[in-house]
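Enquirer: Given next are the chains, with one letter for each unit.
Protein chains: 2
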Amino acid sequence: MPELPLQGVRVLDMGQIYNAPYATLLMALSGAEVIKIEPIGGEHLRARGEVSRSHGVPFAMLNSNKKSLAIDVRTPAGREIVVRLTADVDVFVENFRPGAAERLGLGARAMREKYPRLVYASGSGFGQVSALSDVPAMDLTIQAMSGVMSITGFPDRPPVKAGPAVADFSGGIHLYAAIITALLRQRRTGDGAHLDIAMLDSVIPSMASNIGMLYDEVQLPSPRTANRHGGLAVSPYNVYTTTDGFVAIIVVAERHWVSMCELMGMPELCQDPRFATAAARIDHMDEVDELVESWTRTRTRDEVFEKLRRSGVPSGPVRELSDVLADPSLRARGALQDLQHPIYGDVVVPHSPLRFEGEERVPIEASHALGADTRQVLSASLGMTASEIDQLMADGIIR
Amino acid sequence: MPELPLQGVRVLDMGQIYNAPYATLLMALSGAEVIKIEPIGGEHLRARGEVSRSHGVPFAMLNSNKKSLAIDVRTPAGREIVVRLTADVDVFVENFRPGAAERLGLGARAMREKYPRLVYASGSGFGQVSALSDVPAMDLTIQAMSGVMSITGFPDRPPVKAGPAVADFSGGIHLYAAIITALLRQRRTGDGAHLDIAMLDSVIPSMASNIGMLYDEVQLPSPRTANRHGGLAVSPYNVYTTTDGFVAIIVVAERHWVSMCELMGMPELCQDPRFATAAARIDHMDEVDELVESWTRTRTRDEVFEKLRRSGVPSGPVRELSDVLADPSLRARGALQDLQHPIYGDVVVPHSPLRFEGEERVPIEASHALGADTRQVLSASLGMTASEIDQLMADGIIR
Numbered sequence: 001m002p003e004l005p006l007q008g009v010r011v012l013d014m015g016q017i018y019n020a021p022y023a024t025l026l027m028a029l030s031g032a033e034v035i036k037i038e039p040i041g042g043e044h045l046r047a048r049g050e051v052s053r054s055h056g057v058p059f060a061m062l063n064s065n066k067k068s069l070a071i072d073v074r075t076p077a078g079r080e081i082v083v084r085l086t087a088d089v090d091v092f093v094e095n096f097r098p099g100a101a102e103r104l105g106l107g108a109r110a111m112r113e114k115y116p117r118l119v120y121a122s123g124s125g126f127g128q129v130s131a132l133s134d135v136p137a138m139d140l141t142i143q144a145m146s147g148v149m150s151i152t153g154f155p156d157r158p159p160v161k162a163g164p165a166v167a168d169f170s171g172g173i174h175l176y177a178a179i180i181t182a183l184l185r186q187r188r189t190g191d192g193a194h195l196d197i198a199m200l201d202s203v204i205p206s207m208a209s210n211i212g213m214l215y216d217e218v219q220l221p222s223p224r225t226a227n228r229h230g231g232l233a234v235s236p237y238n239v240y241t242t243t244d245g246f247v248a249i250i251v252v253a254e255r256h257w258v259s260m261c262e263l264m265g266m267p268e269l270c271q272d273p274r275f276a277t278a279a280a281r282i283d284h285m286d287e288v289d290e291l292v293e294s295w296t297r298t299r300t301r302d303e304v305f306e307k308l309r310r311s312g313v314p315s316g317p318v319r320e321l322s323d324v325l326a327d328p329s330l331r332a333r334g335a336l337q338d339l340q341h342p343i344y345g346d347v348v349v350p351h352s353p354l355r356f357e358g359e360e361r362v363p364i365e366a367s368h369a370l371g372a373d374t375r376q377v378l379s380a381s382l383g384m385t386a387s388e389i390d391q392l393m394a395d396g397i398i399r
Numbered sequence: 001m002p003e004l005p006l007q008g009v010r011v012l013d014m015g016q017i018y019n020a021p022y023a024t025l026l027m028a029l030s031g032a033e034v035i036k037i038e039p040i041g042g043e044h045l046r047a048r049g050e051v052s053r054s055h056g057v058p059f060a061m062l063n064s065n066k067k068s069l070a071i072d073v074r075t076p077a078g079r080e081i082v083v084r085l086t087a088d089v090d091v092f093v094e095n096f097r098p099g100a101a102e103r104l105g106l107g108a109r110a111m112r113e114k115y116p117r118l119v120y121a122s123g124s125g126f127g128q129v130s131a132l133s134d135v136p137a138m139d140l141t142i143q144a145m146s147g148v149m150s151i152t153g154f155p156d157r158p159p160v161k162a163g164p165a166v167a168d169f170s171g172g173i174h175l176y177a178a179i180i181t182a183l184l185r186q187r188r189t190g191d192g193a194h195l196d197i198a199m200l201d202s203v204i205p206s207m208a209s210n211i212g213m214l215y216d217e218v219q220l221p222s223p224r225t226a227n228r229h230g231g232l233a234v235s236p237y238n239v240y241t242t243t244d245g246f247v248a249i250i251v252v253a254e255r256h257w258v259s260m261c262e263l264m265g266m267p268e269l270c271q272d273p274r275f276a277t278a279a280a281r282i283d284h285m286d287e288v289d290e291l292v293e294s295w296t297r298t299r300t301r302d303e304v305f306e307k308l309r310r311s312g313v314p315s316g317p318v319r320e321l322s323d324v325l326a327d328p329s330l331r332a333r334g335a336l337q338d339l340q341h342p343i344y345g346d347v348v349v350p351h352s353p354l355r356f357e358g359e360e361r362v363p364i365e366a367s368h369a370l371g372a373d374t375r376q377v378l379s380a381s382l383g384m385t386a387s388e389i390d391q392l393m394a395d396g397i398i399r
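As you go down the protein sequences, you meet chains A and G in turn.
Number 151 in the UniProt record's numbering belongs to position 151 of the first sequence; there are no gaps in the numbering.
Number 85 in the UniProt record's numbering belongs to position 85 of the second sequence; there are no gaps in the numbering.
Worth flagging that the hints you see were computed from the coordinates, not collected in a lab.
Heads up, a few of these hints could be off.
Since the list gives no way to pick one copy over another, a pair counts as held whenever it fits inside one copy or between any two copies.
Claimed, not checked - Straight-line alpha carbon distances no greater than 20 Å define the calculated SDA-like cross-link-like pairs of lysine to any residue that follow: (1) LYS114 x ASP191; (2) LYS307 x SER259; (3) LYS114 x GLY190; (4) LYS307 x ASP134; (5) LYS307 x MET266; (6) LYS67 x ALA369; (7) LYS67 x ARG157; (8) LYS67 x LYS114; (9) LYS67 x VAL252; (10) LYS67 x ILE282; (11) LYS114 x GLU357; (12) LYS307 x SER133; (13) LYS307 x MET264; (14) LYS67 x ARG79; (15) LYS307 x PRO221; (16) LYS114 x ASP88; (17) LYS307 x LEU132; (18) LYS114 x ARG84.
Build out the structure end to end from the sequences listed, making use of the hints.
Expert: Following this line, the structure appears as C-alpha cells:
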C-alpha cells in the first residue's frame, strides 16, 4: 500500500468559515499535518456553532483531522508565535480580506522574505490584485457579481442564488489545487509562491454553456431557463412532476428518445414530424414537456427513474438533502461518514472527494476543541516549556 | 522568475465535454504538456461546436493550450497507439462512463500494470465504485440527485437547478486537485494511482449550510429560501430591487446594520426594538426587507452598491453575464482574455483561476483544430515515419 499522498506536508491554516477551511480539510484528509490557528474566541464558524447546531455541524464537516491552536495574533507575542511556527511548515493559508494579513504583520511579502520556500496561499472574493479588492466578499455577493444569479431560476422571476455556497467552495477547491501545484514545484526547485485565488475567477468557467449562448445570433427571451437546457437547445431536458416528487430527464442521443417513446407507450411519437428529430422537438418543446409529464404525472418518482435507468435514458430523482445524507451508496463508498462528535453529537461528515481507488483512506478524526493542541504544538515545534505556555495563557495570548 | 509549476509534466487526455477537459485545461495553463485524444469526428463538444457557435465557444474556453490528436480507439491499431503513447506520460485522464475505458482496452488496471508510475485519473458522476455507476450522469441529473436542486429557488416553486454546470465543474476541479496530489507522491515515491473522482461526492460539501439546518430542532417551511439566508438566520440578507436591476445585501456584523440605517436616512431603526438586534431582525424579516427595499427601489443598482461599498457593508450588484465578460477588472487581472480564434472568431476565454502572484502566466494559445498535432506527436513520441502516418490516415485510424 503506497504512503499517503501528502505525507510529510505541514500546513499552517488561518482559514475561516468555508473557503480556506475546505482547502485545508482536503489537505488533512490526504495526509498533511494541518495546524489550524484561530482567534481566542474561535473562528466565526466555530463561534456561531456554539449558538446553534446548524453552524456547529458545518464546522464539524470542514475541520476534521486538524490540530487546533488559539492565538491572539493582534498582540506582538501572538504574531511572533505564528511567524516562528511558519519556519517549520510548507504552506501558510489565509482567507482574510486582502490587506488584513499585512496589517497583522503576517502578509505574503514579509513571510516569503523570511521563508523563501514557503507556499503562501491567499483565498479571497476578487483577488489580492483587483479593482474590487476592497469590497467585502461573501458567497451571496460573488454569486450576484459573477453572473451566477442572472442565469439561475425562472424567466418570470428575479434572479436567484444557487442554493449551495458555490462561490465559497469553488474558491476553496481551487485554493487547494493551487497549493498542491505550488508544492509540486517547491519539491522540485525549492521555490515558494504567493497564490492569489479569487472566488470570482473560479466560478466563471462553470458558466461556459451560458457564455456560449451570448455568441449566438438569436438571443433567448431570458438568461434564466429554469430547469430547461441553458440554451433551450435540447428537448426533453427538464424536471418533471410525479405523484410524489420530481424527476430530471435529458435526452442526449436519439436512441434515448426512441426508448422513452416506447416506455411511455407512445412509439408513434418517433415518427411524428413534430417530434421525430432533435430540431423538431426543440421547436415543439412545450408539447414535448407536456407529453413526457403526462406519463410521469401518474407514476412515482422512483418508478419513473428505475424505468428510465433500465432503458439507459439519463435521468435522476430530485432528492431532498435528507435523502442524500441517508444514501447507503454514499456511505458504502465512504463519501459520507457517521461520527459521534464530542461537541456536536451524532453528525454526518464528508470524507474527501479526492479518492485514491484501492488505497486506505485517512480515518476521520472529529474536529478538535478550540486550543486542544496549543500546548503540544508549541512545545514540540517551538520547544516552549510548560511554564512559558502557562504564562502566555495567563496573559490571554494563547488558549 | 521561477519555472512553471507543472513544467515537465506530460498528460494524455481522453476527456470530453466539461468535466475532464476543465482539469486538463488547468494543467496546460500551469505548464504541463497536454495531448488531447479525440475520436475521428472530434469529441462531443467540438462536434457540436461545428453546428452552433454556442457550443464552439465553450470548446474554445476549455481547450486552450492542448495538442490535438484524433484516433479511432475502437480499432486495435488505434488502441495500440494510445497504449504506446501512455509510456511517455505521467497522467492519463478519462471521463467515460465507468467500465467504458476497460471495454476499449484502456482501463486503469491494464494501464497501471503496464506502467506502475502512471497516475490514471477517472472522472464520473457517481464514481467507479458505486451502486449507481451504471446510471448515465449529466450535470442536470447530478444536480437533481445531490440535493442541489432541492435547495435552489423559491419556496412556492418546484426545485430548480443552479444555472452554472456546478456538478461538471466541481467534478473537474476536484479531478485536477486529485491528479496533482497524486503527482506529488509519484515524484516522491514512484507510486502511481487510480483516481476515482465523482461529481456527486464533490458537490456535497458545498451544501454545508443547508446540511447544518437539518440538525436544528425547528425546521424551515421549505428547504428553498430563494435569496434569503439558507437557514433564515440573517437579516438583511437578500436581493433587492432597484430602478434598473438588483443588488444583493448582507449584514454580517451589527456595525453594517448601523451603517445601513444611517445610509437609508433612518438612524432611528437601530433603536427600534423590532430591528435593534440580529435576533429581532430575524423575527421581523419581512419588515426589514420592505424597509431596505423602500430605499433601494428609488435608486439605481450602481448607486446603491457604491454607497454600501463606501460604508463597508457587504453587497454586490446582480450582473448579467455580458457585464461580467466586459468587466475591465477581470481583464486587468488576466482572468479573462480576448482571443481571435481561428475557428470560432473573436471570443473571450478564461485563464486559469490558479494564479501565482508576481509570476509570468502561460500565454493563451487558441484550441487547436482536430488532429492538428497528430503527425508531430506520433513522429516525436513514437518515432513513426511519414509514410506510416499516411497509411494510418488512409485507413481512417487517425486523423
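Enquirer: For LYS307 and PRO221, with the copy left unspecified, which applies at a CA distance of at most 20 Å: within, between, both, or neither?
Expert: Intra 34 Å, inter 32 Å, cutoff 20 Å: neither.
Enquirer: Within, between, both or neither: how does the pair LYS307, MET266 come out at a Cα-Cα threshold of 20 Å?
Expert: within (15 Å within a copy, 59 Å between copies)
Enquirer: Which holds for LYS114 with ASP88 at a C-alpha limit of 20 Å: within a copy, between copies, both or neither?
Expert: Within one copy only: 12 Å inside a chain, 39 Å across chains, cut-off 20 Å.
Enquirer: First find the shortest C-alpha distance between LYS307 and LEU132 inside one copy, then the shortest across copies, and answer within, between, both or neither for a cut-off of 20 Å.
Expert: Only across copies: LYS307 and LEU132 sit 14 Å apart there, 50 Å inside one copy, limit 20 Å.
Enquirer: 20 Å Cα cut-off: does LYS67 pair with LYS114 within a copy, between copies, both or neither?
Expert: Result: close neither inside a copy nor across copies, 24 Å intra and 40 Å inter.
Enquirer: Go through the copies and call it for LYS114 and GLU357: within, between, both or neither, with a Cα cutoff of 20 Å.
Expert: between (39 Å within a copy, 17 Å between copies)
Enquirer: Within a copy, between copies, both or neither: where do LYS307 and SER133 come within 20 Å Cα-Cα?
Expert: between (51 Å within a copy, 16 Å between copies)
Enquirer: From the Cα coordinates, with 20 Å as the cut-off, is the pair LYS307 and MET264 best called within, between, both, or neither?
Expert: Within one copy only: 10 Å inside, 57 Å across.
Enquirer: Within a copy, between copies, both or neither: where do LYS307 and ASP134 come within 20 Å Cα-Cα?
Expert: between (53 Å within a copy, 13 Å between copies)
Enquirer: Using 20 Å as the alpha carbon limit, work out where LYS307 and SER259 are close: within a copy, between copies, both or neither.
Expert: This pair counts as within: shortest intra-copy Cα distance 10 Å, inter-copy 57 Å.
Enquirer: Check LYS67 against ILE282 for me: Cα-Cα at most 20 Å, and say if that holds within a copy, between copies, both or neither.
Expert: neither (55 Å within a copy, 35 Å between copies)
Enquirer: Using 20 Å as the alpha carbon limit, work out where LYS67 and ARG157 are close: within a copy, between copies, both or neither.
Expert: So LYS67 and ARG157 fail the 20 Å test inside a copy (46 Å) and across (44 Å) alike.
The structure fails hints 7, 8, 9, 10, 15 (numbered hints given earlier, in ascending order).
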